[in-house]
Structure formats: structure tokens, C-alpha cells
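So the sequence lines, in the order shown, correspond to chains A and B. Every letter in the first sequence is one number past the one before it in the numbering used here, and letter 311, counting from 1, is 311. In the numbering used here, each residue's number is its place in the second sequence (first place is 1) plus 370.
These aren't lab readings, by the way, just hints derived from the structure by calculation. Every clue listed holds true.
Subject to a maximum C-alpha distance of 20 Å in a straight line, what follows is the list of computed SDA-like cross-link-like pairs (lysine to any residue):
no., chain 1, residue 1, chain 2, residue 2
1, A, 177, B, 799
2, A, 217, B, 843
3, A, 338, A, 280
Reference excerpt, derived from the structure (chain A facing chain B, CB under 10 Å, subset only):
no., residue
4, 47
5, 64
6, 207
Output of the computed footprint for chain A on chain B, the stretches with three or more beta carbons under 8 Å from beta carbons of chain A:
no., segment
7, 577–591
8, 798–808
9, 828–838
Note that beta-carbon positions come from the ideal geometry of N, C-alpha and C, so glycine has one too.
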Amino acid sequence: MSDMLRAPAEVTYADELAYLESVDTGPKPFSWRLSPRMVRLFVLGSERADGLDREIPQKWFGDRSFVERSIVTLASDRGLLLIGDPGTGKSWLAELLSAAICGNSTLVVQGTAGTTEDHIKYSWNVSMVIARGQSRESMIPSPIMTAMERGVIGRFEELTRSTSDVQDALISILSEKYVAIPELDQDNIVFAQPGFSIIATANSRDRGVNDLSSALKRRFNFVRIPVVTNKRSEAEIVRFRTEELLRRHRIELEVPPTLLDILLQSFADLRAAASAATSDDEKLESALSTAEQIGVLEDAVLHSQFFGDRTLRAGTLAGSLVGSLARRSPEDLAILNKYLHGVVEPRAKADGGEWDGFLDGGRQAIAALS
Amino acid sequence: MTAPAPTGLFGALREQLTDAAAAFAESPDALAGILAGMVDDVDRALGERLEIFPVCHHSPASALAMARRLRARPPKVIYLELCEDLRPLLDELRNCRLPVAVQAFATELDGFPAEWSPLSVIAPITEASAEYQAIAYALDTPGVELVLVDRSTDHVFQWTPRDGQPADPDPTPAADEDAALHGDAVGVEIGDLRPRFAELEAHLLHHGKVRHWSEWWDQYVERPLADADHDTYRQVMVLIGSLFRRLRPTRSARDDRDEDRERHMWTRMRQHLAASGVDPADCLHVCGAFHAASHVEQFGLDSTAPDFPISPRTGTRWRYGLIPSSHSAIEAQFGLAPGTVSIAAANWAAAVGRTRLTPYRLAGQQTGKKGRRTRATPTATSPDETADRLSGFLAAPPALDALDEAELRGWCVDIVRLARRNGYLASTADAIAVFETSILLANLRNRARPTPYDFADAAVTCIEKDVVPGRRDVRRLCEILLGGDRIGQVGYDSLPPLARDVLDRLRPLGLDLERRTVQRALLDLRADPALAPCSDLLWMLRHLLPADAVRPIMGERRLGHRSTQESWDLALGRNQRALIELGYEGVTVEQVLEQRLRRAVRGPDATAARALAAVEDAIRLLDSPRLVDELGARAVELLAAERTVDDAPEVLRRIRRLLAHHRTTASTLPAWCQAFVTTGYAHYCTLLPTAFVDEATGVRQVGAMLGFLFHMESLALSLGCDRSQLELAVAQAHPEAPAKLALLWAARHQLGLLPLAQLREHCAELLGNPLVVPAFPQYLSGFVHALDPVPGLAPFVVETMSAAFAGLPDPVLLPWLPTLITTLREHGPELVPLLVREAERTFPATLPELDAWTPPWAAAPATPTSAPVVAAGPVHRLLTGHPDATDAVAALLGCGGPWRSPTDGGPPPPDAASVLLAAHPATADAVAALLAAT
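Using the sequences and the hints given, assemble the complete structure.
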């Protein structure tokens, strides 16, 4: 374990990647570290039928075809755009793919309203320009330009948060595969090396804010990642991510399966309520994604660890759920109140068990926030 | 079951599998049992004297293997796993365009729970199937007999548990109309081959790295077997059938049914062989691979087990026919992934082209391509040369076709064109990207060439950027590209008599009604009276078929009204199933309509209102006095038996219409009408006191009852009813609800029991009492409902409302107004216009007039005039100019007065009534004597 708070995937799974590289005999496109099949295996985990000496755990949970389509897109001429609701694992998939393909997932540009074209192409070290004039040494390449020079994958997070003119800086990068530096007289073109590609992510909830131009759309293949609604897969994801978080925080606390079920069930109920709602006021502001569930569970675990008796209890979980999901007052609180009394209370009466504690905890949390 | 032979044809393979089981499994015995058992099943099925040909439904590989087998060694008898009573229908297939489904349909059940009705079984037949090859070969080759050996459709339901529903109702009805072509029929198909429990299927899909069963089958069985020889094909299919047979959960009712079906099939085959004396070597048994690995005791011609006792069929009357089917309907019926059958059809077409095999096709079949009549040409292949092809097949990688670049390139170009047509921003660059991505995906998925599934994934990846509601998604476009949904059609000659009759009778319209498009028919009945029968038929079809099959755009047919010009949207081709199923009910549309109308009035939920509706339909559509009388008589019975008055408004509306119709079209009312009026009068008089008090009965219903009683009164009294019955009923009514109380007052006023002055007094009291004022809208609502039975009350209601507006103080009136409006809108929206009209008549139209206006009710009561004022005018001029007619009428009535000019100022004429009575005193004398006697 490294001493980083959160190590990137290529560091966390360095030994796995090294192992897979050593046994990989398949054809590799460009300068890829692993063949496409091995990349898929790294992301989706191995099975006995794969005939490997060691087990490779599954790291991203979702439909196999999404991963396959993403991998072949990166092997083709186009960039990859992962689209989905917040918390569906787009960035995590992008990180895993980058780590597996080129061993570097850190060449990232974060798209925001303040992102400029300099962040995508290059900028200048003003002191050095004053001291030595404009040269390659005084130029600060962006992560994307670095990826081009090295022939690796560059990442662009939240592409649609940046403005359209900034987004369009990617058009020439993706089609001509070079960046011209008109300020320089010599050595003024940076060509992309084989293996370069871009993985961008976009939030489908931001649709319409800064829509992609048709020209840019044409240069990306879109892979739409849906919200996980399969309860089994969702349980796997929550368990996997929570274990990782607990390991990171060095907390030894067990998440009882019954509480995990309660968490999944309550999210499923709230999603059903949200899809049945007719106006925004009747549904929670939260997207109720899997990442939110992980957030709720993490919050409850940390609360139990530091302020509780080091045992995760239903009441604490309910408190965390209310605390995480109640963003607007009174709309969200009213919805949660309705949920607790309309759904959880009858269930607590019928099934009892942990639902009783969950109901009490939820009531207290709502009372505290009201 | 026999013990596995240690050696034999598959000895080496059995040994190899047993060793593998010992090496890999934790409990080698169980696994070895399964693996060795599978090999034994193959051995046993192949060793059978009667050749078993295992198939899978909608499998081009099965169809190819079947075509090859039939060409190599043409059999004389084919035993097919299909319900035995469907055999006569198969000859009709040559008149149809596939896919169609053979259907057995029953509405008159005997021996089954009534709630199962109607029973419907369908077996769809597609071109890319082994069964179609067998059927086409058998029907078109002289001397070949086709014998269906599976249980009859009646047995399908006999073997269904009584506690369940025969057809699982689909909770989500198919959104696509093509997917709903089969209705809620039970589907049977030949060669149902699928894992019998979800975990096994999930396991196979997971390890096969595919998304759904059809894709698994395509990759692991269909393609490797596409060009396999006969022995390999048979051995592999039996092996798969055996695998699914052995890997299934504990015995279920479905297993019992399957085994009974196998017993049935073998019994029938043995019986046929014994009766016909055919050599089993000349026969072929075509069945699902699952049944090829059967373990029932009757399996095999050498079995000594007694015949399976086949129970007799029930008395249910089955009707048979062909209905159109479609790829999507088959997919929806049998739970296949969307596009599966279309892809199978595309694969079949490609395989036929590639292998240059001439498939069998029924002569006369409607297809896109001209079918070639083929003759079986035997080749020298000995049936006994069975060798172990299984070991080689299982051990070696499948020999797949090389990448067909031209085909893939064609798909890529076409999908881009199709996408562009559907509003996507797709370009040639996308075609290139789809091509490249397809190949990369196929490589990643361990496939030598991209399958249609890879291609669809690639197209979605490269072309689909946005999801626009209402726009076809790229996956759907791929399905369309790869053949799309094909919809079958039943040819004219195979239609039931009713459907043929309909098409014949509509021929004068000059439209091709078998086409699936909506067609506009224009009927100018004045210019071309010969089209009148067509119009009659269309109105009947409108009543019997789904709404979109026959839709009038212009023209209507009401009681006593026929349009002279009509325009119709006809979609009979698209609703062929509905028309065919109508054909199961009768031979002509008239007969079916008559039956339906009779059923409507005889059913357990029949009401008087529905019976009157049926009478109306019978007059409108059939014009059959006999049927009208019968239905009308039933309406009288139903009315007399009714204990509620919920339908009173509907009854009133309909009987009024019917009476008006009969009065204008016939000299006397039909007997049933008279009976209905007298029965209704007595019936509603009886129920009136209860209805006034009963909280569950609304004002509208009571208003309608009074409407019936007052409107029909003169007719009822002339037919022998007694008015005192109504007076007593009104006297017995003591309602408490304000609206009903107002209704009662109105009724009493109409009967002359409550003068207007008293009524006015009641209302003044109500308005004067602040405790009652909030409920006053309810009273008004009652009065408004009384406008229909007592139309003379309209001025009074206007007066009352005006009094309320004038008298109530603003603090009371303003909160009260919204309540008044909502109450009127809720309870009698259709009657408010009457009130408005009356108000319009009462109040002045302009503002200046208002100043000098006095409400009619506030004006002094008019003094009775002694004689009518005769005004000069056109009428008068006409009458004086041509006095003959008037004189004749006057003479007839006994009025012999002279003509008087309005200008001559002569003496007022004597009262006409007194003149009449003086001239004919007999009636008045008789009445006076009667009154004196009582």
C-alpha cells in the first residue's frame, strides 16, 4: 500500500497489471501495455476459464458490452465519451482503462466553467518567457498535450461543464492529431504519438448547459452508462467500494449484510418514487446513484467508528441517509419524511428487525434538521 | 434406461469425458453420470431404427440440415412434432406469405373452465425453419405423407392445470402493434430448446460473454453447425437436447407434460407404422432436440411398452385457421431477444446463397423471390454410415467462414444511410468507423467475423450520440437493416368464408383491401346507389372489428339517418387476424352481428340500457324487425327485473330515440315498445319513493325516472296505465336531500299538486333562512334537473335565481356564487344551457331596455282575455285566400262560424270549445254521469 491518500489505479493495481502484461500474448494495438482482451479482463475480472494463475478481481460493475465498446473505441481513431448520470462509475471506468492501456491515468483535465483553451493545449511560464523568451522549455504543456507526446491516454473529466469554444479546441487534436504552437518559429508542432486517445466523461444531467458541437460529437464515440438498477450488481459495487474506503481509512468495521440490504432497498424505493413523481418538487434533488449509496454508507461507517460504539447500526445508517439526501429544505425533508412514514413504518411493523432502528434513526435525523 | 456400454461408437468420447469429470469436478460421480449419460443419449437416439431429426426453432442451421437431408435421402413419411389436429391447415400455407401462424380457436367451451374462454393456440411458421422445409417437401412431393404426431390442441388445455390460466397474461401489453399480432394465444413451437432454469442460462451467457440466449445460440451452435454434415448436426443437436434435459430442476408439471407429449408422439408413430406398413427406414421423425433425448418407456420402435392411453377430446368446438404473424410477434410470444428472428432470416438467406442449396418452398407460395419448384435428387449416402463426429466437433475449433468484407461493408454503408434518413448526423466517416469497430469488437469477443450483434454494437457506439424521444434508436435501425420485421399475410384462398365474403362484398369499392396500408374509400351513395350494400357492410364491420380497422371519416348512421356521402379509412389488411377470428364465429357478418347482439342481451351482465342499445344497433345495422322484436322483448324483461335505477338516464335517452324513430317510420308502435313503456311506467313508479330516499341514487337518476314518467305518461295512459299510481308514488316520496326535495316539488307541481305560488313561497322561505342559504345551490341543482321532466318550470327557475341574486346580501352572495357554479357544473352541465336560454328570453338584451324592464313575475297578473285577437298577416291572408281546407276541418270538428276579417270589428266569436261541446254533448254527459256515480 502506497502512502498516498488515494493512489491512482495503476499504482493500486500495479502488480496485477505487471502480471497481466507478463502473460499477455495477444496482439496489442499501437503502444498499448495490454491487449484489448487483457484490458477487459483487468476491468471485469478473471474467471477460471481464463486459465490465469492468479485471480484478477472485478473492478467495474456493469454490462460487459460497455467495456468492450469503450476498449475498441480507444483502439480506433475516435475519442471515447462516457455519458451517464452522476455516480454511475464513468470516471472510475476511464481511470481503469487508462491505467490498463498505458499505465498512466493521471493526465487529466477537469472541465469547469473556468477551463480555458490553455488548459487543453499549453500555456507559458511567464517568468521564463521574460527571462529566455518563448521556447519549448518555457512552455507548459497541458495533460492532453503530454498524452499526445507520450502516445498515451489523456482524460477530460466533465467535458460538458466547459464552454463550447473551449471544447472545440479538442476538434483539431482529435482529427489532425497535432497541436500547432504559432508562437514558436521552430519545433512548433507537437504530433501525437501512436497510442494517443482521449477519454472524456460527461454528466447527462448537464445536458443542454454546454452542448457539444456536431463537429466534436463526430469525433467521439458515445458510450452511455446507465444507473445500475440490478440489485445484485449494486450490492457488489457498494461492497467493493466500501471495502476499499475502509481500507483506505484503516477502519476495521464490518458492514452487516442486513444493513446493506436496507440501504439498497431504501434507494430502490426512493428511485421508484422519483420516477413516479410528476414535478421536481416531488423528487429528491439527488440522482440516487450508486455513488450516493457508497457515500451514505461511508458516512455511517465513519460516524460509527469515531462517534459510536464501532458497530454500524441501522439508526446511524438512517441518519446518514437523511443527512446525505436532504439538500433542500423543506422539499427533500418532506419527501424523506413521507418515505419514512409511508414506506419504512409499515415495513418496520411487518418485518421488524433492523427496520425499526432505521425508522427511529430517520425520524431523529429529520427532527434535527427540521 | 440401459446401462452405458463400455465401448461402442462413442466409447472413446465417453471415456474422455469421464476422465475429465474425475479431473475437474469435486464430486466426479455426478458429473461423470451427466456427461456419460449425454453420450449415451446420443448413442441411443442415433441407434433408433426410425431416424430422429432433432431441430431447434427458428434455426437456419436446422433448416439447412433438413434441406440437405431431404435432398440426400428423400423420406416417404415425415412425422412432425406439431398438434395433430392442425394437419389440414398446412395445405393452406401455399396461399400465404410467411410468417403466418396456424391457429386453433374455441369460444364454446365444454370441459374447460368458462373463464378460460376464448381458447387460442397458435404455431407460427417461418421460412427459415426446419419444419417449413419438411412441410414444403412433403406437400409438394407426390407420394410423401406428412403426419403430425403431437397432442391435439384440445389436449394442450386438457393438460393445463385447472388452477392456472392457460395463457399467462402479459402484464405489459406489447406497445408495438406488430408484436401484438398473436393476441393472447398460447404459443406452441417445434423444437423449443433453451435451458430449463435461469441459473444455467445465466451461467452460459456469462461464460459465453454474450448478452442473451439468441446470441449464445448463434455463436456456439448456429454458426458452427451451419455447414456441418448430417451426422455431425444430429449428434450435436441431440447432445445439446440431452444436456438441457439432464440439467433441469426437480420434476415439474412441465416435465410431465413433455414426457406425455413424447409418449403421445411415439404412440401415434407406432400406430401409423402398423397401419400403413411403411418401412421405418423410409420415415423421418422431426422433433425438438429436447425430445430426441427422451427417456420415456415408449421411446423407439423396439420398445415393448404398451401404447400411451390418449384421452378423448372434450366437447369443445375448435375452429381452425391461419392468421398473419410477424417476426416481432414471434419474439414477443416466445421470449426471444428483439431482432432474433429477423437475424435468423437474414442468416438463412445468406447461408442459402453461400451454400448454393436450393431450399424447398411450397409451390404457389407468396414470396419476394420466385420460388423454384425443386425435385429431390437422391445422392448416394448410406444411412448406416454413422461415425463419431461428436469428438471431432467438440475438440476442434469451429470452421467459420472467413470475414465477408463485402457484406459487412454493405451493412456499414446502409446503416449510415438509414441513420441519416432517421435524423442522425451520420456520414461516410461513421461508416468507416462502424466497419473498424465491428471488426475490433469481433476480435475482442473471440469471433473470426463480426456477427450481426457485433455490428449492431458497433453502430450504436459510432452513430448514436443523443437519445431523442420518438426517434428510432440505432439498434432498432440495425434490426430493420438486417431484414427488419417481416409481417406475414394469409392469402385469400386460405381465409375463412366470412373474411372472403367481406372482401368479395367490398370489391365494388375498387381497393386492394389485402394491403397493409390504410386506404381511403369514398362512397357517393347518391351517384352510385350500388355502393349501398358496401356501406351497410362497413357499418357492421365498424361495430365488430377493432376501432382502427374500419374508421368512418365522414358520414354517420343514426336511427333513421343515412348519409348520402361517406368516406372511410380501411385497414383490413393490417387487422387480418381480427377479421379471421371473426370468421370463427360465423359464416357471414350479419350472422356474427346477430349472435353478438343476442349474446349482449342474454349475458349475465345484460341491462335494459344495453338491450336498448342492442335494439338500436339491430335497427341501424341489420334492419331486421324480427331481431328487433326479440331484443326489445328481452329489454322489457330486463327492465322489469332491474332493482336499481342507475341506468335510468341511459334508458330514457334510448327509449325516447327509439320511440321517435318508430313513430316516424311506422303507423303503429311495435308491441315491445308498448310493453316497454307500460312496464317502465309501472317499474319506475314502484321504485320512485325508494329512489327519492336512497342516498346511493343520485339526482340525475331520479330526474331521469321522472323524465320517463312524465314524457311517457300520455302513451302509458293510452296503453292502460293508471295515473294514480304515479300520484301515489309521489305522495310516498319523502326525500331529505335538498336537490331531491326540489325535484319532488317540481314533480308535484307538474302533477298539479303544488301551485306555482306555493312553490315560490317555499323558495322565498329558503332564501330568507340564513341557515339554509348555503344549501340553496343544491335546491337549484334539483330544479335544474327538473327542467327535463318539467320543462314548464324554466321561467320559475330563472325567477328563483334572479330573486336569490337580488335578495341576498353581498357577504352571503359572493361566497355562495362559486358553490352554485361548481354544483351546477358537477350535477347537470347538459341542462344549464336550457336555463341560459330561458334567461336570455326573459331578460332584456340591451342596457337601455333594462331601465324600463319589469320582471315578468313582478308584473301584475294578466287579465284573462275573452277572445283571441286575430292578427292580420300572411297566415291570415293565406287562410282567407284559400278557405277550403280550413272550412273542411271546421266542418269536421263541428265549428260552423263565419269567416271574420280583422278589420271589420265584428262581434267576438263564441268560444270554440263551448261550440264544440254544444254540438257534441254526448262525451261531456257521459263524464258527468261517471263523476256523479263515483
